[in-house]
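With the hints as your guide, set chain Z onto chain V.
Line order of the protein sequences matches chains V and Z. Under our numbering, think of the first position of the first sequence as 1, with each following residue one higher. Under our numbering, think of the first position of the second sequence as 1, with each following residue one higher.
Rather than coming from a laboratory, the hints here were simulated on the basis of the structure. It is possible that part of the hints are untrue.
Claimed, not checked - Straight-line C-alpha distance at most 27 Å; calculated BS3-like pairs for lysine-lysine:
| # | chain 1 | residue 1 | chain 2 | residue 2 |
| --- | --- | --- | --- | --- |
| 1 | Z | K282 | V | K277 |
| 2 | V | K306 | Z | K320 |
| 3 | Z | K233 | Z | K116 |
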Amino acid sequence: MLGMVKKETIAMLLAGGQGSRLGVLTNSVAKPAVPFGGKYRIIDFTLSNCVNSGIDTIGVLTQYQPLELNTYIGSGQPWDLDRLFGGVTILPPHIKGSHGEWYKGTANAIYQNIHYIETYCPEYIVVLSGDHIYKMNYKWMLDYHKEKNADCTISVLNVPYEEASRFGIMGTDADFRICEFEEKPENPKSTLASMGVYIFTWKKLREYLSRDENDEDSDNDFGKDIIPSMLDGGERVYAYEFKGYWKDVGTIESLWEANMDLLDPNVPIQLDDPLWKMYSRNNVLPPQFIGRDSVIENSYVTEGCKIDGRITRSILFPGVTVEKGAAIRHSIIMPNATVREGAVVEYSILAPDSIIGKYARVGVSDNTDDGVRRQNITVVGRGSSIGENVEVGVGLTVSGNMPAKEEGEAQC
Amino acid sequence: MLNVLGINFAYNDRENLRELTQLRTLASLPIAGKYRIIDFILSGFVNSGINDISIITKNNYHSLVDHVGAGNDWDLNRKIGGIRILTPLSQPGMLENVGLYKGTAEALARNLHSIKRTVAEYVIMTGSSVVCCSIDYEELLHTHIKSGADITAVYANSLNGYKKVPLGIPVFFFDDNMRLIGLRENEDDITRQEATWSVGIFVIKKSLLEALVSDCIARGGYSFYYDILDYLKGNLMIKGYHYNKQLFEISDVTGYMNANMNFLKSDFRDTAFEKPIYTKVKDSVPTIYCEGCSVRNSIVADGCKIQGTVEDGIISRGVKIGRGAVVRNCIVMQNAEIMSDVELQYVIIDKDVIVREGQKLIGHEKYPVVVEKRSIV
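The following block holds chain V by itself, in its conformation from the complex:
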């Protein structure tokens, strides 16, 4: 065919998960679109990794609450993914012929988009999740995949033994060829945990996807079905050890922790590497204004913020207003939230557009033990409004409005 270009490697990014453990933060957005790290969304990390690794063709599989995610990705321009051939393509579930169905599982989602993948005639496909925080060069992993002449390569992380039972654990031989795979084992035989980053030789994967689709008992999931059946089939499945920072931000506590890691100089994730930039869709906002009465320490603050209060070890997203006398400590304040005069916010996550009324207290406690406090993060949902003088107890989740408290009324 004239003008036909082939892509050696394309990426499929699974971004349809609800992320139900993030509670009110994912009520109206998919997990990959949850704000992270001051001016990013969680999906920016995976998208930027792809682009920085030289992958310019990415299918983003969406299903749960896709509106905001679709709008965010748009033409892909912020990630340099508005390409003449390739670039980013949103792949929602769709009707084929007389019937259509939702994505039943991760493998089924890829299966339903075989026609998208075949457009590019790829040799390899990288399967990724849109909900992890890490910086990784997939090019290196692909080189490894080729070197091992593998059919599938799974990126693994060496985790502490106590945590191993939370992950999919790989048993390998001396050459890192995987011989066993166990999903969340009670007594792990190894500490190599799957990061949910796979590279497949496309021909091989297509074969297994079709077979899996015809198996009515299958959950159509990569971890549960595809990988075990490839192992059973004697295919060459290899582990690729990733050494670096990686975090699954599936829970409120881990989301809080991963944000705080950015402020800790001892944690090996740096976002300001000029040769490995994190790209994100930019808000058109003026620079931050820091008022006369503000004190800011050990914090990230970004565009459009207007700060007059005291900020300690916190991450402030675009367009946040902190009024005079307000104090924010150990917290994550998402876009366009407002903290009014005299309010105090501690160990909390304020979702976008939330408003904390004057002298309200959110997650405030006398306990100063970081180890204890970080297990009990207070969350204020999107657009929620906490009235004047209202107290929101440690570890609570508020969604909707809490009207101002009258004098003498009991605390909630």
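Frame of chain V, contents of chain Z only:
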């Protein structure tokens, strides 16, 4: 969308900005932390629905070309309209006498080939030394059409409340019907209470502009102010339009300092940023405020690392301020590094400057110190 071609002159022959414009044209001078002057001009056009824009450059325009690029960040990478940067020296049909323009009328004449090709009915022209932060071009155009004027000239009579006429700016004289009857350059810094001075914005029908410019060149003229406005004020109906909101004016270093410091006032910021101001996206990380730092009454852009003290400052993208450094009343441009224990007051630090440990630079409010781009102090 307005049926208007926006033309910006990216330079100003009268400015005296010392080292600041040695390597760049006026329109690409950094301002308010993360912007260039051109950002306010382009955003003003775009926010009023003008999407067909030409920038006329004269010298040092590489920084402007680099900043504007294809115009994506202003939503001006368009099939219909869009942005074009017109450069001097190589206009078609001008093989002889190529050189820099002597005046704005000559600049327009030399770019007539491009102006003629656009389909807009009207032209709105702006300079780069005065920026009206919240001018509504749509209303300006309607006023121009309704008044029946041939040319509408926008004027101001105060500089954000101060009755000051910037040096070198043309002063307009109007009759009782706001018709232009005279104009004179403010050479002696006279501060007259009732002076009405040009902000460099004009509205005119494109066909009339083409005719006037050709005629002006044929007469041997080159200046838009003197060889068109002043020369033809009796024949043409030239009317004034009063702009009385926030603006900034940059013709010398003190003016540049004041223009920046305006942004520390909340009412000025609220007006200037009421509508979005677009600029080139740099994908900087958020600014990190380290332990022991102190920042007060300042504008800070993204990508900075602040360990020292900043007061009443304008800090651009990617600036590093070291431990123990004290920076007061300063403008620090992109990627500059102020190392530890440095003391700066009334200093303008240009891009990529390094101020080494323990250095001390003190300027004066009326005469700030300027540290040239890429120098090491």
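List, from low to high, the hint numbers that the structure doesn't satisfy. none
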